[in-house]
Amino acid sequence: MRAAAALRALRQIAAWCLIALRYLAVIVVALAVFSLILLVVGKDPVKAYADTFAYTFGNAYGFSELLVRMSPLLLTAVAVALPSRIGLINVGGEGQLYMGAWLASAGALAFPSLPAWILLPLMAACGFAGGAVWAAVPGILRAKKLVNETITTLLLNYVAPMIISFFIFGPWRGEESSSYPQSAAFTASARLPSFFNTRIHAGLLLALAALLFYWLVVEKTRWGVQIRAIGGNPEAAERLGIPLVLYTVSVMAIAGGIAGLAGMGEVSAIQGRLRQGLSPGYGFAGFLVAWLAGTRPAGILLMAFVFAIITSVGDILQITQGLPYAVVNILMAVILFVVLGRQPGRRETR
Amino acid sequence: MGAGVGSELVEARGIVKRYGNLLANDHVDFDIRRGEIHALLGENGAGKSTLSKILYGFVQPDEGQIIFEGRQADLRSPHDARALGIGMVFQNFTLIPAFSVLENIALFLADLPPIVRPADITARIRGFSERLGLSVDPSALVRELSIGEQQKVEVLKLLLADARFLILDEPTRVLVPHEVEALFSTFAALKAEGYAILFITHKLQEVLAGADRITVMRRGRIAGTLERQQADEAALVSLMFEGGSIAREGVSRRPESKEGAVFLELRGACARAMGGETALREVDLCIREGELIGVAGVSGNGQKELSDLIQGLRPLSRGVKRLFGRDASRWTIRRIRQSGVAFVPEDPLGMAAVPGMSVRENLLLGTGKRYNSGAGIDWPGLEQDMDGSFRRLGFKMPELAAPIRTLSGGNLQKAVIARELAHKPRLIVALYPTRGLDVLGAAAVREMLLAARDSGSAVLLISEDLEELFQMSDRLLVLFAGAIAGEFKRGDYRADEVGHLMTGSRRARQ
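Chains Y and R, in that order, are what the protein sequence lines are.
Counting in this note's numbering, the first sequence runs from 25 upward without gaps.
Counting in this note's numbering, the second sequence runs from 38 upward without gaps.
A few of these clues could be false.
[To be verified] Each computed DMTMM-like pair below joins lysine to aspartate or glutamate, with the alpha-carbon atoms no more than 25 Å apart:
1) R/K406 / Y/E262
2) R/K406 / Y/D75
3) Y/K244 / R/E420
4) Y/K168 / R/D345
5) Y/K169 / R/E314
Rather than coming from a laboratory, the hints here were simulated on the basis of the structure.
Model the full assembly from the supplied sequences, consistent with the hints where possible.
Dropping the structure here:
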């Protein structure tokens with residue numbers, strides 16, 4: 025009996041090692057391909073990777089910046105992972121993040137005099153609501169069998185930044201910096217607290233809580249069973265009386281809300297005001313994180329960390345090798361290709 | 038063709054095929070002679086389909102070889118097999134519905150000229166069809182043909198492409214009795230011209246009616262090959278089940294007693310068709326407590342639509358649906374299930390289970406709010422109830438933590454049945470519940486439905502298996518083109534009459 029239990033544990037560990045190895049292989053292949061691209065433009069890939077390592081793990085500040093980047097990545101990854109369990113593909117994390125940032129800013133700008141203990145929860149609620157509405161619309165369209173949610177969430181990504189632009193060029197343009205298209209700075213009570221003299225902020229705790237929430241709901245609750253049932257076989261789920269429409273819309277809304285919290289974290293803790301380009305593509309990176317992690321919570325945590333490093337590659341190469349920030353998009357695209365390349369295997373391991 | 042009738046045409050030697058841990062074909066030695074009709078018999082998962090697909094080059098064996106006309110044949114794809122004159126009709130036909138018969142056949146020809154002269158092909162079709170009992174109008178669109186006619190087109194396709202060895206995977210599954218007879222007479226005509234035929238089935242009567250030799254497979258191996266003269270039902274069953282035998286249920290008798298309460302009533306129920314579906318037209322149906330009503334019909338005549346309508350998956354466009362005395366026309370699926378309606382589907386993995394989830398979680402699905410406990414689930418309560426249900430049915434409860442897709446087809450069907458019957462449903466809708474099950478599994482399901490009926494549930498049994506329907510139904514309805522074409526009382530069934538109603542070739546007697 026005990027031997028069998030030990031054997032099972034051993035097998036579990038072996039399975040985990042295999043998964044870790046597979047993650048590693050994806051990253052290594054992607055980095056190798058990216059090296060070729062760097063070589064083509066005449067840059068030194070070894071130096072690029074060495075710099076990246078030095079700037080992220082080399083000192084405490086660099087490392088703290090990784091954790092700063094992890095908060096939005098975790099949130100946007102959960103925003104992809106949760107709908108994927110019900111069989112929906114949410115590519116709209118970026119737009120939902122922006123809408124969350126927008127509505128959270130509305131809260132911060134409308135009630136600047138509220139104390140932090142009221143204003144921050146209010147901003148979080150606003151951020152959640154902004155993302156939730158942005159994702160619920162595709163959810164409703166999908167539930168009514170009108171439009172595929174992949175298309176609508178993707179397209180709405182391009183609408184959200186325009187709404188923000190409208191407000192920061194127009195009604196919310198700050199007085200003190202009217203030459204820049206950005207809102208006025210938030211009051212101190214609208215800023216999420218940071219820790220240890222770094223930019224690590226309370227949003228990280230929020231992100232970890234969201235990840236825990238995701239795991240608990242999907243694996244431990246009766247709603248989770250029904251969500252997974254719909255994801256596993258929508259026809260059977262419908263025949264067994266599970267309300268598909270209600271679940272589809274609710275799951276999309278909650279996922280969008282979680283992405284919206286990422287936007288709230290960015291404007292409240294990092295930017296301190298609403299401006300354009302407040303996300304360097306966290307929503308898209310979050311999609312890759314969730315996809316690579318196979319929607320497993322531990323995988324999401326690990327992959328969010330890896331992607332924090334990868335997204336910093338852009339900044340670092342900009343400084344050290346004079347490459348535009350956009351090179352990081354090439355790297356992420358390469359990773360996406362590698363992930364899609366091993367897609368058939370992924371399903372079986374789930 | 039050097040050798041004559043009776044010599045070996047195809048021979049399989051030591052065929053081994055593995056799918057993961059499953060040994061689908063385990064050192065199979067097998068042969069087909071010229072001019073014989075050979076039946077391949079066995080329960081589900083015995084390896085019949087795998088073997089036939091290997092013979093057609095559709096699946097490559099891990100070990101072993103195929104000898105065709107005395108020479109080793111290297112069948113790497115169906116293309117190689119066709120070049121040798123081997124043809125196969127799959128369970129799901131490979132016809133293009135929007136094309137005519139002629140076009141479908143022409144598409145399949147290896148020697149199709151760049152410019153097709155329809156008259157030539159028509160002449161070639163006629164050349165075969167008249168003397169082999171395969172007459173089909175070459176200009177008809179395939180989508181307008183009945184299933185039986187489509188099967189003829191499939192066979193013609195192979196003949197025009199010069200196949201001399203025909204493999205048919207469960208050809209009778211979709212046919213009504215008189216079509217089965219016609220198919221067997223076509224087999225006989227083909228045999229007379231020297232064709233070799235291999236057909237797969239798990240119906241004993243057909244084997245005895247139509248085959249010259251019978252090979253029985255069991256768990257990937259050849260259990261035995263019998264000449265027809267040596268074969269009888271008992272011998273075949275004992276080969277199929279290693280000496281087991283089916284308990285022959287007697288004709289079930291329902292005490293002709295009081296009229297029970299009406300559990301389900303449809304009055305003038307209509308439903309619109311979407312896509313390739315069949316619209317329901319003015320269906321009147323009434324099932325009482327303790328009654329088993331059979332619905333016969335060729336599939337695609339509104340069976341699925343009728344069952345979906347009862348379960349609330351599709352709205353009524355006209356008419357009334359009443360459940361247990363209340364108007365249920367607009368009830369949701371959930372409400373209908375909660376009122377005591379259970380569903381036993383033809384395809385449990387597709388329609389009633391979530392393959393990737395555990396058996397335990399699957400048993401929970403569809404039980405409504407019964408096992409809610411806060412945000413979580415009362416798993417022990419569920420397990421206890423399900424254990425009771427499995428025990429009442431005489432089924433063994435499977436490993437609860439395993440993903441349900443690891444269960445065999447029969448055990449999966451049993452798990453779904455145990456779940457559906459766990460809470461004593463008042464109405465059971467069973468849609469082809471024994472399709473795809475082996476003889477023993479099918480017998481268990483039939484017994485279960487009869488037991489439910491005897492304990493006061495109402496059962497609606499939708500099936501294509503006329504023998505099953507004749508044996509079990511208290512009343513029998515025939516569904517054709519979305520309408521009830523006829524109704525029979527117990528003991529009043531005549532196979533040919535039901536068969537003709539099923540195919541629309543005769544109006545109901547009034």
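Taking 25 Å as the top limit, are the C-alpha atoms of Y/K168 and R/D345 close enough? Judged against 25 Å, a Cα distance of about 19 Å means the pair holds.
What's the verdict on R/K406 and Y/E262, does the C-alpha distance respect the 25 Å limit or exceed it? holds (16 Å)
Hint consistency between Y/K244 and R/E420 [alpha-carbon to alpha-carbon, up to 25 Å]: Status holds; Cα separation ~17 Å.
Starting from Y/K169, check that the Cα of R/E314 is at most 25 Å away, please. holds (18 Å)
Holds or violated: are the alpha carbons of R/K406 and Y/D75 at most 25 Å from each other? violated (57 Å)
The earlier numbered hint that this structure contradicts is number 2, and it is the only one.
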